[in-house]
Amino acid sequence: MRVIGFIIFFCIAFLKVNAQLLEKTQIKGFIDIGSNYDIDKQKLNFQFGEQDLFITSDLSSRISFLGESVLKYSPTSPTKFDFSLERAVFKYNYFRNHNFFAGKVHTALNYWNDTYHHGRLFFPTVGRPEIFNQNIIPLHTTGFGLSGQNLGNLKFGYTLMVGNGQGSTDLADDNVYKCYVAAVNFRPLDGLRIGFSGYWDKITGDVHTHITGVPTVTSTVTHSVGLVTQQIYSGSIAYFKKQFEFLAEGSLAINHTDSLGDKTTNAFYVYGGYRIKDLIVPYVRYDYIYYTNGEVVYTPVNTEAFAGGLRWEINYLTVVKLEYQYKKSGPKTFTNNMLLQIAIGF
Amino acid sequence: MKIINYIFIFVVSLMLTSFSPIENELDIPQIEGGLAVIVNSKGAPSELPLSKVKSILKGEQQRWKDGAKITLAFMKTSTPVGEDMAKRVFGMTSKELNKYFLAQVFQGKMSSPQFFDSEEDLLKYVKNNDGAIGVASSKNASGINTITVDGKKSI
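As given, the protein sequences belong to chains A and B, one line each in that order. Under our numbering, read the first sequence as residues 69 to 414, first letter to last. Under our numbering, read the second sequence as residues 384 to 538, first letter to last.
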């Protein structure tokens, strides 16, 4: 009888604890669908974007977890869709606003990558800026680090991280070198954030892009030039208030090899929006990327792009965007597209 | 021609929305008697300036000075108290406040606040959870600890 009593007591206690935990676990998601019209080819396409699920859970007063998984298009999958674990972050709040974290994170470089992640509901434009589409910065890093936020009157924030470098998988590093990330930001005024960040890595193997899963750097290329030492420095200014929206960020990437020396890439974009009604924001964005001759890590296609559109925020969980995009890739390739996107949170 | 149709449909939809009578959410009537900042008996001080209260309620501070975790509890913004709170405490519309919290949680910057349909449930939650802080109508905030904000009991 004592054993049965103990089991019943244990079950009740277990259920009670779980019920408390479940109260603090939330699942939310985003999805986007849309269409694009190629003006030059006069071709209309309908497209499904990404289905994003994210889970947050407070496991104790100091420990929390955030997971984000995405179902998205993949040309290499038989079904043309793949499941992707985008973030899995364990966080321990060790003192006031200071945290230790471990797992797979969006690399704390630049504003966009650190803020919007895969939530197209939050994107001010239809898609990411070219600086992210062309993988100038590593979008994800698996490792551990320290972070802090809203410190002092300037609302100072920082992230310091060590992780598997580029070319690694989520399970193992591909070489003995680690990558290092350092990022700081200040929010001196409501709506204003100024940030700086640095990334240091040594690359010896494949660098896998996030968009298609196809390597941009093959082992053959990197082995032929030897070890690539990479440094990326970024700065950003973001100002989002009721009426005005402004975001500008730029990155300088230096890829160094003993045989070719430094190859620098400059990339930036500027975004501006102005709310004319409670619900409607016309906006523009200009992107620019310039590579040095002989670049070995990136696909060196100099790019200039312009986007202009209207964002219609029906409510905080439904946003519709209509956007015109012009893109010049290299000296001869031009594209003109009209895009329509419906982004939903649920 | 296809592209023109495409733009035309979108613009007409926008115009229909724009000309429909949209109530300016910042013009909503205030709750009679004002709002009170309610707190659990553990963690929170008895008096704070409004700027600090705003910062705490926006999730910018994770712990009280004694180390207790700050847990946020609000009325849903679809309720009159929640709507008034969004306007008076945060200076936002209900839509903006909901979007703000969704974005902060998504970025991993804070834990999701607890939202309630009834003030009775809100008061019970704040009373029973260490470090909890929330906003309720002053007239219903008797029998629970409140913070004096800029020397006043009500916002």
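Hints may contain errors.
[To be verified] With a cut-off of at most 25 Å between alpha-carbon atoms, the simulated DMTMM-like pairs for lysine to aspartate or glutamate come out as follows:
hint	chain 1	residue 1	chain 2	residue 2
1	B	K492	A	E381
2	A	K92	B	E479
3	A	K309	B	E415
4	A	K96	B	E430
5	A	K96	B	D504
6	A	K223	B	D533
7	B	K522	B	E430
8	B	K470	A	E363
9	A	K92	B	E503
10	A	K246	A	D126
11	A	K92	B	D513
12	B	K478	A	E381
13	B	K452	A	E313
14	B	K470	B	D449
15	B	K492	A	E313
16	B	K437	A	E363
17	B	K459	A	D258
18	B	K482	A	D326
19	B	K437	B	D513
20	A	K395	A	E363
21	B	K459	A	E363
22	B	K425	A	E381
23	B	K507	A	E363
[Unchecked claim] Here are some chain B residues the structure puts well away from chain A; computed CB gaps all over 12 Å:
hint	residue
24	G491
25	M493
26	D513
27	K535
[To be verified] Here are the in silico distance ranges between beta carbons for each label pair:
hint	chain 1	residue 1	chain 2	residue 2	range
28	B	D449	A	N370	51 to 59 Å
29	A	F212	B	K522	34 to 42 Å
30	A	Q115	B	D449	31 to 39 Å
31	B	E430	A	L260	26 to 34 Å
32	A	F158	B	D449	42 to 50 Å
Please keep in mind that the hints were generated in silico from the structure rather than gathered at the bench. Here a beta-carbon is modelled for each residue, glycine too, at the ideal position from N, C-alpha and C.
Here's how the hints hold up against the structure:
Of the supplied pair hints, the one linking K492 (chain B) and E381 (chain A) holds, its CA atoms being roughly 23 Å apart against a limit of 25 Å. At roughly 23 Å between alpha-carbon atoms, K92 (chain A) and E479 (chain B) fall within 25 Å of each other, so this suggested pair holds. Between K309 (chain A) and E415 (chain B), the direct Cα distance comes to roughly 29 Å. Violation of the 25 Å bound is thereby established for this hinted pair. For the hint pairing K96 (chain A) with E430 (chain B), the CA-to-CA distance comes to about 36 Å; that exceeds 25 Å, so the pair is violated.
With a C-alpha separation of about 23 Å, the suggested pairing of K96 (chain A) with D504 (chain B) holds against the 25 Å cut-off. Taken as a hint, the K223 (chain A) and D533 (chain B) pair is honoured in the structure, with Cα atoms around 22 Å apart against an allowance of 25 Å. Restraint check for K522 (chain B) and E430 (chain B): satisfied, since their Cα atoms lie roughly 19 Å apart, inside the 25 Å limit. Of the pairs offered as hints, the one joining K470 (chain B) and E363 (chain A) is violated, with about 52 Å between alpha carbons and a cut-off of 25 Å exceeded.
A hinted pair counts as satisfied when its Cα atoms are at most 25 Å apart, and K92 (chain A) with E503 (chain B) qualifies at roughly 20 Å. Using a Cα cut-off of 25 Å, the hinted pair K246 (chain A) and D126 (chain A) is violated, with the two alpha carbons roughly 30 Å apart. With a C-alpha separation of about 15 Å, the suggested pair K92 (chain A) and D513 (chain B) falls inside the 25 Å cut-off, and the hint holds. Taking the CA atoms of K478 (chain B) and E381 (chain A), the gap is near 10 Å; set against the 25 Å cutoff, the hint holds.
For the given pair, K452 (chain B) sits about 33 Å from E313 (chain A) by alpha-carbon distance, which is inconsistent with the 25 Å threshold. Proposed proximity of K470 (chain B) and D449 (chain B) is contradicted: the alpha carbons are some 30 Å apart, above 25 Å. Under the criterion of a C-alpha separation no larger than 25 Å, the hint pairing K492 (chain B) with E313 (chain A) is consistent with the structure, at around 21 Å. Proximity of K437 (chain B) to E363 (chain A) is assessed by CA-CA distance (about 49 Å); at most 25 Å being required, the pair is judged violated.
A threshold of 25 Å between alpha carbons decides the hint, and for K459 (chain B) with D258 (chain A) the separation of about 24 Å falls inside it, so the pair holds. The suggested pairing of K482 (chain B) with D326 (chain A) is violated, with an alpha-carbon distance near 49 Å, which exceeds 25 Å. Note on K437 (chain B) and D513 (chain B): the hinted pairing holds, with a Cα-Cα distance of about 20 Å set against a maximum of 25 Å. A threshold of 25 Å between alpha carbons decides the hint, and for K395 (chain A) with E363 (chain A) the separation of about 21 Å falls inside it, so the pair holds.
The straight-line distance between the Cα atoms of K459 (chain B) and E363 (chain A) is roughly 54 Å, outside the 25 Å bound, and the hint therefore fails. A distance of roughly 40 Å separates the Cα atoms of K425 (chain B) and E381 (chain A); the hinted pair therefore is violated under the 25 Å criterion. A C-alpha spacing of about 62 Å is found between K507 (chain B) and E363 (chain A), which places the hinted pair above 25 Å, so the restraint is violated. A beta-carbon of chain A comes within 12 Å of the beta-carbon of G491 (chain B); the shortest separation is about 5 Å.
Its beta-carbon lying about 9 Å from the closest one in chain A, M493 (chain B) breaks the requirement of being farther than 12 Å from that chain. Residue-level check failed: D513 (chain B) sits 8 Å from the nearest beta carbon of chain A, not beyond 12 Å. The beta carbon of K535 (chain B) sits about 22 Å from the closest Cβ of chain A, which is more than 12 Å, so the claim that it is off the interface holds. Checked against the hint of 51 to 59 Å, the pair D449 (chain B) and N370 (chain A) passes, with Cβ atoms roughly 57 Å apart.
Roughly 49 Å separates the CB atoms of F212 (chain A) and K522 (chain B), a value that falls outside the hinted 34 to 42 Å. The hinted window of 31 to 39 Å between Q115 (chain A) and D449 (chain B) is violated, with their beta carbons roughly 52 Å apart. Remark: the range hint 26 to 34 Å for E430 (chain B) to L260 (chain A) is upheld by a beta-carbon distance near 29 Å. With their beta carbons about 25 Å apart, F158 (chain A) and D449 (chain B) fall outside the hinted range of 42 to 50 Å.
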